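Required output: the full structure, derived from the provided sequences and hints.
Chains as they are written, first to last, in my numbering: chain A, 3 to 279; chain B, 17 to 281; chain C, 463 to 752.
Take the hints with a grain of salt, since some may be wrong.
Unchecked claim - The calculated lysine to aspartate or glutamate pairs, modelled on EDC-like cross-linking and capped at a C-alpha distance of 20 Å, are:
1. Lys643/C with Asp595/C
2. Lys216/B with Glu561/C
3. Lys73/A with Glu30/A
4. Lys726/C with Glu269/A
5. Lys194/B with Asp595/C
Everything labelled a hint here was simulated from the structure, so no lab data went into it.
Quantities reported herein were computed from a predicted structural model and do not represent experimental measurements.
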Amino acid sequence: MIKIKNLSHIYNIPRRDPIIALKEINLEIERGEFLTIIGSNGSGKSTLARHINGLLLPTSGDVWVKGMNTKDRECLWKIRQEVGMVFQNPDNQIVATTVEDDIAFGLENMGIDRENMLERVNWALQVVGLEEYRRFEPHLLSGGQKQRVAIAGVIAMHPSFLILDEPTAMLDPRGRKEVIEVIKKLNQEEGITVIFITHLMEEVIESNRVVVLNKGEIALNGKPKDIFLKVDALRSFALDIPQITELAFRLNHKGLKNISPSTLKVEEMVEQLCLYV
Amino acid sequence: MNIFRNISFGQYIPGNSLIHNFDPRVKILGCLLIIINLFLISQFWGFLILGVMVWSGIIISKIHPRFVFRGLRTIIYLILFTMLLHLFMTEGEVIFRIWIFKITKEGLINGLFIASRLFILILTTSLLTLTTSPISLTDGIERLLSYFKFIKLPAHEIAMMMTIALRFIPTLLEETEKIMKAQISRGADFESGNIVNRTKNLIPILVPLFVNAFRRADELAIAMEAKGYRGGEGRTHYRELQIHRKDILFFTIITALAIIVGILF
Amino acid sequence: MFIRLENVNYTYNLNMPFETVALNNINLEIEKGEFIGLIGHTGCGKTTLIQHLNGLLTPTSGKVYIEGIDICQKGVNLKLIRQKIGLVFQYPENQLFEENIFEEIAFGPRKLGLTEEEIKKRVYEVLEMVDLDVSYTERSPFSLSGGEMRRIAIASILSLKPQMLVLDEPTANLDPQGRSKILSEIKNIHDHYGITILLVSHNMEKIAEMVERLLVMNKGKIILDGSPREIFSRHAEQLIDIGLGLPQVTQCFYELKKRGKSIKEGVLTVEEAEREVLKKIKALANNLQK
Chain A
3 MIKIKNLSHI YNIPRRDPII ALKEINLEIE RGEFLTIIGS NGSGKSTLAR
53 HINGLLLPTS GDVWVKGMNT KDRECLWKIR QEVGMVFQNP DNQIVATTVE
103 DDIAFGLENM GIDRENMLER VNWALQVVGL EEYRRFEPHL LSGGQKQRVA
153 IAGVIAMHPS FLILDEPTAM LDPRGRKEVI EVIKKLNQEE GITVIFITHL
203 MEEVIESNRV VVLNKGEIAL NGKPKDIFLK VDALRSFALD IPQITELAFR
253 LNHKGLKNIS PSTLKVEEMV EQLCLYV
Chain B
17 MNIFRNISFG QYIPGNSLIH NFDPRVKILG CLLIIINLFL ISQFWGFLIL
67 GVMVWSGIII SKIHPRFVFR GLRTIIYLIL FTMLLHLFMT EGEVIFRIWI
117 FKITKEGLIN GLFIASRLFI LILTTSLLTL TTSPISLTDG IERLLSYFKF
167 IKLPAHEIAM MMTIALRFIP TLLEETEKIM KAQISRGADF ESGNIVNRTK
217 NLIPILVPLF VNAFRRADEL AIAMEAKGYR GGEGRTHYRE LQIHRKDILF
267 FTIITALAII VGILF
Chain C
463 MFIRLENVNY TYNLNMPFET VALNNINLEI EKGEFIGLIG HTGCGKTTLI
513 QHLNGLLTPT SGKVYIEGID ICQKGVNLKL IRQKIGLVFQ YPENQLFEEN
563 IFEEIAFGPR KLGLTEEEIK KRVYEVLEMV DLDVSYTERS PFSLSGGEMR
613 RIAIASILSL KPQMLVLDEP TANLDPQGRS KILSEIKNIH DHYGITILLV
663 SHNMEKIAEM VERLLVMNKG KIILDGSPRE IFSRHAEQLI DIGLGLPQVT
713 QCFYELKKRG KSIKEGVLTV EEAEREVLKK IKALANNLQK
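Following this line, the structure appears as structure tokens:
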């Protein structure tokens, strides 16, 4: 479990006003959750993510991972192993010159013996569906495939938590879909707790809980269905409403009460519209 | 405009020959031995034996000689130039005279020796890089360097730098091409002007390239840290290097031949 | 005719082991003042195609005409072509290099040999086109936000006064706010300054709303060419087949139709969808009363 208490973070930049990136954040993340953190640029979502595995330390407040405080230097490496992290740019997080070597990178750091390593690399390759690509050089892969390599490299370390910091932002729709499928699978089949960061509303649909960040504060926290009801609030946080949700919202307001304003998927909308037309 | 697409890097040709399967450490050391030998010997027979050795290596590796000569092509002029230099510039017993140039016996021998030396040197290193993937080459170098830990040689760090360089060469080449095209679209001109202007024209490529490279380095460092990287201490290796009997045999043969050739010639 | 591509083929690494066909017999005509969208999967040849428009790539076979001039023949002033057809690459903020924004935007005009006076005029003009304040000129381009940097990069192409602007994924990796800002500027550049636009994008929803003509590429070929409404209504199945899909509301109406409902196809925007549903309900109610 992850517990964040009164977390604030201030960036001090020489000769400029300090930036308050996070203000008094309180958040608990349970095992097995699929939590999405959403917010526009500058909302503090990446800063929050980097506190969870101790890449950043709080200006004030605390972060505990399974009872270990990230400020405790002794626990740092244990925390990094418990909390895996995937970043935005797939090119800039692959270290080794082949897919399998890169997946093994974290395991080598952990000092895992070779036999065990081989087993874990094979497992990770299979989970992300890249078995045929194990000997490929990373620059020959598509964006979505590279991002899956990055995910495989992290899950091979057997973390309890997986943070993905805007992993889809630089991908095309096809790559996006691939990555989201893999994340869903990791959460549902492998029981990994997922903390998924994005600025796209249509990507929160698969999660169990959504936290909306705005200007360093938690603005909304709840199930996707409930969050999507707050169309006006979301707009004011500079977030986009998917077309279908917007249509549902409008029709509901026009008196079509059988159309739920928190319709998230096209299929749902089709079902509901069939009642009317 | 596809400036970089035609350059093949590392030029490793995958294969499954005896040479391919030798331990990279043994191959690197064998290569070194031959090269040292090349500079020690001073008789025709020595060159012939070494040449035959390397050439049989190429035949065993089943690599098409075309690839071997491709590596040679870029350097052939250098070889010819040094050969001619020696040919004309060495004093001694004159055997031939054209206008002001004179060719001496010593010059002829020297020139031929220098050319063979360079020629065999290139063949040897080509054989190494053609049959060894960059990754096992790096591994081999890391292990070899780690034998020198007692003089505080940062073997792991050197190897990590090599790995990252290999990993990012294609990415950076692609990026350079893209930036060049983008700046050309903005009105830049890389083809005309004198040398000063041409150098100045590189700024629009170099600045963005460096800015991006620094950002990449920064992000890569964070990603490595997040995966628990903290130097070579306590690290294990995914790639296993094992010395087999054939490696020992190969190494013994090379060493023996090298010593014999070295002493005799 | 402003631009004409005739049987253009392009192959990377021709006659090499890694030979790949990127463009396969492309025929395309573009008139002045058009607003065109180009969609297709990564690797379908979009980027290769747009690099032919300003002579960065020369076709393996076929011809490219800009205002009637075959730009592949020897002696053509490609600099002039590149000034006419402004090409904005993906992530253009990665090419910024000058000390301040004024110099960044002035780079192109300076290479054209304009006077200081003219350069200054152009810089201010294009800053207005991308809706950035004049006070920006002194600042370093690297001090800006991602969205602003991208607008500066677009401004640095606009300062060449191109007749056509080609943009490769100008909204990639921007948040919703930055995205709508850029898109509304592009629309403005087309509507108010009469510049021909070719917009490459993955964002189906936005592209369906904005453009007048849509090109769909797949595996090196232009497979569809027409108005968004035409393409999304008549060729919906094909788009789904090649995995590009449809905008959400379009897909919703497409599936209603598939279930036998008599409803309009090729609906492009939320507003239109809302109107159609309400109209349909009203019609049904009227029928019931009768």
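Each hint tested on the structure:
1. Lys643/C with Asp595/C: Distance of about 15 Å is within 20 Å: holds.
2. Lys216/B with Glu561/C: Holds: Lys216/B and Glu561/C sit about 15 Å apart, inside 20 Å.
3. Lys73/A with Glu30/A: holds (18 Å)
4. Lys726/C with Glu269/A: holds (18 Å)
5. Lys194/B with Asp595/C: violated (29 Å)
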